[in-house]
Amino acid sequence: MEQVNKNRLFIASCVALLVTAMTFAIRARLETVFGPEGVGLTLEQIGYAFTPAFWGFTLAMLFGGPLVDFLGIKKITWIAFITHAIGIVWTILAKDMTSLFIATLFVGIGNGFVEAALNPMIASMYPKSKTKMLNRFHVWFPGGIAIGGVVGWLVMDVMGLSWQIMVGTLFIPLIIYAILFYGQKFPVTERVALGVTNNKMLSSLGKPLFIFMVLCMMLTAASELGTTQRIESLLKESGTIPLLVLVFINGIMALGRAFAGQVIHKLQPSGMLLFSAIFTFIGLWLLTITSGSGTFLAAGVFAIGVTFFWPTMLGFVAEYLPETGALGLSIMGAAGMLSVSIVLPIMGNLMDNASAHEALRTMSALPAILIVAFIGLYIFMRGKKVQTED
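Numbering-wise (UniProt numbering), the sequence shown opens with residue 1 and increments by one.
Each hint should be verified, as a subset may be incorrect.
[As the list claims (entries may be wrong)] No more than 20 Å apart at the CA atoms, straight line, and that leaves these computed lysine to aspartate or glutamate pairs for EDC-like: (1) Lys95 / Glu44; (2) Lys236 / Glu44; (3) Lys200 / Glu323; (4) Lys236 / Glu323; (5) Lys236 / Glu358; (6) Lys236 / Glu37.
I should point out that these hints are in silico values taken from the structure, not numbers from a laboratory.
Generate the whole structure from the sequences, applying the supplied hints.
What follows is the structure in structure tokens.
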């Protein structure tokens, strides 16, 4: 019987997530292309044009979560590939707010199916080190944003080429992950392997701890992605190159996630989340009062904070609420992306009518709430050990 090639599937998953991440960096660069000095859209309009990336992601996660168990991880992965390809082509052809909106929707759906299929696959392949391996997998989200940011800067700012060429670079990792996944045997999800019934899974979704984590996921994702997605406008007057600040932030995040295993042993997931909330709050506050080279210091503190948010939130649910299955992980991701789709237009409105500092001050309230929430979680989870591998 053909065996699952874990290493190849894990590498392919990382490349698929690389595509997802690069779309975030390239979309951030497109803000100036379609903004007031380019096509002529207001920052609020761009916020609305970019929201499908997040609620398209949300819909794909919500539908993809249960479908992963029934259709299998393989089919959902290929749906991700197809929608990614459509979204990239449509982005290249985009001319106005409507076409940008539709292109962003397909990209968002592709991104959502990547997470819906591959988070539970990794949890299934590495049952004794879920949080560590999910952090390693999610190295390629900040890593991909850093790569996408450098590509955008080189293609448009250094080489002076068109933004369509910048978007077209996404085809390179897209084709690579298709080749790596082609012909491979995929594992079943952990819930299917354990024989957890649909009724038990659905009842687990109503547990107070799961609902609490979903609400916190909305705040952690908005704190991280709401800020980085609008970095071009937020730091436009900072005296820096915003796209390079984005690369700097995500470079730190990639390094942190690569060595997450050692941190997990010391802090456990709940401690990591409290640590993250504190540094995220300090970083956002510093960004409101710094400029020039000081912006990189503030961005570094912010990066240290948001590094472990997304994968550790997923890892926590996979560790302590495994009976929620792929649907549970999908709901977590969907909640996070939904919250980002809400804050992007709000941030755009604040920047159109007030200032970038006002938008950053408003965003800093989110990790402040999380500090209180995660202190409570840390106390509640104290003494509950996570089973990990070195």
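Exercise for review: With a cut-off of 20 Å on the C-alpha distance, tell me whether Lys200 and Glu323 pass.
Suggested key: Since the Cα atoms of Lys200 and Glu323 sit roughly 7 Å apart, the hinted pair holds (cutoff 20 Å).
Practice item. Assess, step by step, whether the Cα of Lys236 is no farther than 20 Å from the Cα of Glu358, and give holds or violated. Key: holds (14 Å)
Review point. Are the Cα positions of Lys236 and Glu37 separated by 20 Å at most?
Key: OK: Lys236 and Glu37 at ~13 Å, within 20 Å.
Review point. Would the pair Lys236 and Glu323 pass a check requiring their Cα atoms to be no farther apart than 20 Å?
Key: violated (45 Å)
Review point. Taking 20 Å as the top limit, are the C-alpha atoms of Lys95 and Glu44 close enough?
Key: holds (17 Å)
Check your understanding: Within 20 Å, alpha carbon to alpha carbon, are Lys236 and Glu44?
Key -> Within the cut-off at roughly 16 Å; holds.
Of the numbered hints listed earlier, the single one contradicted by the structure is hint 4.
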